[in-house]
Amino acid sequence: MFSDIARKFCQVFNLFCCVHVFHAHVGQLHYVVGPSMFPTLNATGDLLFLERFSVRFQKVNVGDIVVACSPENPRVLICKRVLAVEGDSISVLPEPYAQDAAKNVLIPKGHVWLQGDDPYKSRDSRHYGPVPYALLQGKVQLRIWPPHSWKKF
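In UniProt numbering, the protein residues as written are 1 to 153.
These aren't lab readings, by the way, just hints derived from the structure by calculation. Every residue, glycine too, gets a C-beta built ideally from N, C-alpha and C. Heads up, none of these hints are tricks.
Using C-beta positions, here's what the derived DEER-type ranges look like:
| # | residue 1 | residue 2 | range |
| --- | --- | --- | --- |
| 1 | 5 | 39 | 47 to 55 Å |
| 2 | 45 | 86 | 32 to 40 Å |
| 3 | 10 | 86 | 40 to 48 Å |
| 4 | 5 | 33 | 38 to 46 Å |
| 5 | 43 | 4 | 42 to 50 Å |
| 6 | 47 | 121 | 14 to 22 Å |
Required output: the full structure, derived from the provided sequences and hints.
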(Lines of atoms letter the chains of each structure in order from A and count residues from 1; the text may use other names and numbers.)
(Lines give C-alpha, C1' and ligand atoms only; values in the text may rest on other atoms or scores of the structure.)
Protein backbone atom coordinates (compact mmCIF):
# COMPACT_ATOMS: atom_id res chain seq x y z
CA MET A 1 0.00 0.00 0.00
CA PHE A 2 2.78 2.44 0.90
CA SER A 3 4.55 1.70 -2.38
CA ASP A 4 1.34 2.48 -4.33
CA ILE A 5 1.03 5.84 -2.58
CA ALA A 6 4.71 6.58 -3.14
CA ARG A 7 4.40 5.64 -6.82
CA LYS A 8 1.35 7.92 -7.28
CA PHE A 9 3.14 10.74 -5.47
CA CYS A 10 6.15 10.37 -7.79
CA GLN A 11 3.89 10.41 -10.86
CA VAL A 12 2.12 13.57 -9.70
CA PHE A 13 5.44 15.17 -8.76
CA ASN A 14 6.91 14.34 -12.20
CA LEU A 15 3.86 15.82 -13.93
CA PHE A 16 4.16 18.97 -11.81
CA CYS A 17 7.85 19.28 -12.71
CA CYS A 18 7.13 18.87 -16.44
CA VAL A 19 4.37 21.51 -16.33
CA HIS A 20 6.64 23.89 -14.42
CA VAL A 21 9.55 23.48 -16.86
CA PHE A 22 7.21 23.95 -19.84
CA HIS A 23 5.67 27.09 -18.30
CA ALA A 24 9.02 28.59 -17.28
CA HIS A 25 11.00 27.87 -20.45
CA VAL A 26 8.76 26.97 -23.39
CA GLY A 27 5.39 28.69 -23.26
CA GLN A 28 2.24 29.50 -21.37
CA LEU A 29 -1.42 30.35 -21.78
CA HIS A 30 -2.66 33.92 -21.32
CA TYR A 31 -6.26 35.09 -20.94
CA VAL A 32 -6.96 38.49 -22.53
CA VAL A 33 -8.59 41.13 -20.34
CA GLY A 34 -9.01 44.67 -21.65
CA PRO A 35 -9.91 46.47 -24.88
CA SER A 36 -6.48 47.83 -25.86
CA MET A 37 -5.84 45.23 -28.60
CA PHE A 38 -9.30 45.37 -30.20
CA PRO A 39 -10.08 44.53 -33.04
CA THR A 40 -7.16 42.06 -33.27
CA LEU A 41 -8.10 40.51 -29.92
CA ASN A 42 -11.43 40.60 -28.11
CA ALA A 43 -11.65 42.61 -24.88
CA THR A 44 -12.42 39.42 -22.94
CA GLY A 45 -12.60 35.75 -23.72
CA ASP A 46 -9.55 35.20 -25.91
CA LEU A 47 -7.08 32.57 -24.69
CA LEU A 48 -3.61 32.91 -26.20
CA PHE A 49 -0.59 30.63 -26.36
CA LEU A 50 2.71 32.47 -25.79
CA GLU A 51 6.12 31.07 -26.62
CA ARG A 52 9.14 32.24 -24.64
CA PHE A 53 12.06 31.49 -27.00
CA SER A 54 11.66 34.67 -29.10
CA VAL A 55 11.76 36.83 -25.99
CA ARG A 56 14.62 34.92 -24.38
CA PHE A 57 16.80 35.29 -27.48
CA GLN A 58 15.59 38.84 -28.29
CA LYS A 59 14.00 37.74 -31.57
CA VAL A 60 10.96 39.99 -31.24
CA ASN A 61 10.12 41.92 -34.40
CA VAL A 62 8.03 44.94 -35.29
CA GLY A 63 4.41 43.83 -35.65
CA ASP A 64 4.64 40.95 -33.14
CA ILE A 65 2.11 40.80 -30.32
CA VAL A 66 3.71 40.22 -26.92
CA VAL A 67 2.71 39.87 -23.29
CA ALA A 68 4.80 41.80 -20.78
CA CYS A 69 4.81 42.87 -17.16
CA SER A 70 3.49 46.40 -16.95
CA PRO A 71 6.29 48.93 -16.32
CA GLU A 72 3.88 50.77 -14.02
CA ASN A 73 2.80 47.71 -12.02
CA PRO A 74 4.89 44.54 -12.53
CA ARG A 75 2.10 42.39 -11.04
CA VAL A 76 -0.10 43.22 -14.04
CA LEU A 77 0.43 41.60 -17.44
CA ILE A 78 -0.20 43.66 -20.58
CA CYS A 79 -0.74 42.49 -24.15
CA LYS A 80 0.55 44.91 -26.82
CA ARG A 81 1.98 45.09 -30.33
CA VAL A 82 5.69 45.83 -30.89
CA LEU A 83 5.97 49.04 -32.95
CA ALA A 84 9.74 49.55 -32.67
CA VAL A 85 12.80 47.63 -31.47
CA GLU A 86 16.21 48.75 -30.20
CA GLY A 87 17.90 51.20 -32.54
CA ASP A 88 14.65 52.25 -34.23
CA SER A 89 13.34 55.80 -34.07
CA ILE A 90 9.62 56.35 -33.68
CA SER A 91 7.55 59.52 -33.96
CA VAL A 92 5.06 59.73 -31.11
CA LEU A 93 1.98 61.86 -30.58
CA PRO A 94 1.03 62.14 -26.88
CA GLU A 95 -2.61 61.30 -27.69
CA PRO A 96 -4.18 59.82 -30.81
CA TYR A 97 -4.75 62.50 -33.43
CA ALA A 98 -3.39 65.20 -31.12
CA GLN A 99 -2.54 68.57 -32.59
CA ASP A 100 0.64 68.77 -30.50
CA ALA A 101 3.96 68.35 -32.22
CA ALA A 102 5.15 64.77 -32.40
CA LYS A 103 8.32 63.88 -30.54
CA ASN A 104 10.91 61.47 -31.88
CA VAL A 105 12.04 58.69 -29.58
CA LEU A 106 15.14 56.55 -30.20
CA ILE A 107 14.59 53.08 -28.75
CA PRO A 108 17.56 52.25 -26.49
CA LYS A 109 19.45 48.95 -26.51
CA GLY A 110 17.49 46.18 -24.80
CA HIS A 111 14.11 47.91 -25.15
CA VAL A 112 11.01 47.79 -27.36
CA TRP A 113 8.15 50.22 -28.00
CA LEU A 114 4.73 48.69 -27.23
CA GLN A 115 1.33 50.05 -28.22
CA GLY A 116 -2.22 48.72 -28.25
CA ASP A 117 -4.17 48.44 -31.49
CA ASP A 118 -6.91 50.74 -30.13
CA PRO A 119 -5.09 54.00 -29.32
CA TYR A 120 -8.10 55.43 -27.46
CA LYS A 121 -8.27 52.55 -24.98
CA SER A 122 -4.61 51.68 -24.54
CA ARG A 123 -2.13 52.70 -21.88
CA ASP A 124 1.21 51.89 -23.47
CA SER A 125 4.69 53.17 -24.36
CA ARG A 126 3.18 56.56 -25.25
CA HIS A 127 2.63 56.91 -21.49
CA TYR A 128 5.61 55.07 -19.97
CA GLY A 129 8.23 55.04 -22.72
CA PRO A 130 10.30 52.13 -24.08
CA VAL A 131 9.87 48.81 -22.28
CA PRO A 132 12.90 46.68 -21.28
CA TYR A 133 13.17 43.22 -22.86
CA ALA A 134 13.39 41.84 -19.31
CA LEU A 135 9.69 42.65 -18.80
CA LEU A 136 8.58 40.67 -21.86
CA GLN A 137 7.00 37.33 -20.92
CA GLY A 138 6.30 35.82 -24.32
CA LYS A 139 5.36 36.31 -27.94
CA VAL A 140 1.77 35.48 -28.91
CA GLN A 141 1.70 32.56 -31.34
CA LEU A 142 -1.91 31.37 -31.32
CA ARG A 143 -5.39 32.38 -30.25
CA ILE A 144 -6.82 29.05 -29.10
CA TRP A 145 -10.13 30.20 -27.63
CA PRO A 146 -12.86 30.77 -28.67
CA PRO A 147 -12.67 27.75 -30.99
CA HIS A 148 -14.35 29.47 -33.96
CA SER A 149 -11.63 32.12 -34.09
CA TRP A 150 -8.39 30.12 -33.89
CA LYS A 151 -5.62 32.19 -35.39
CA LYS A 152 -1.85 31.97 -35.80
CA PHE A 153 -0.02 35.27 -35.32
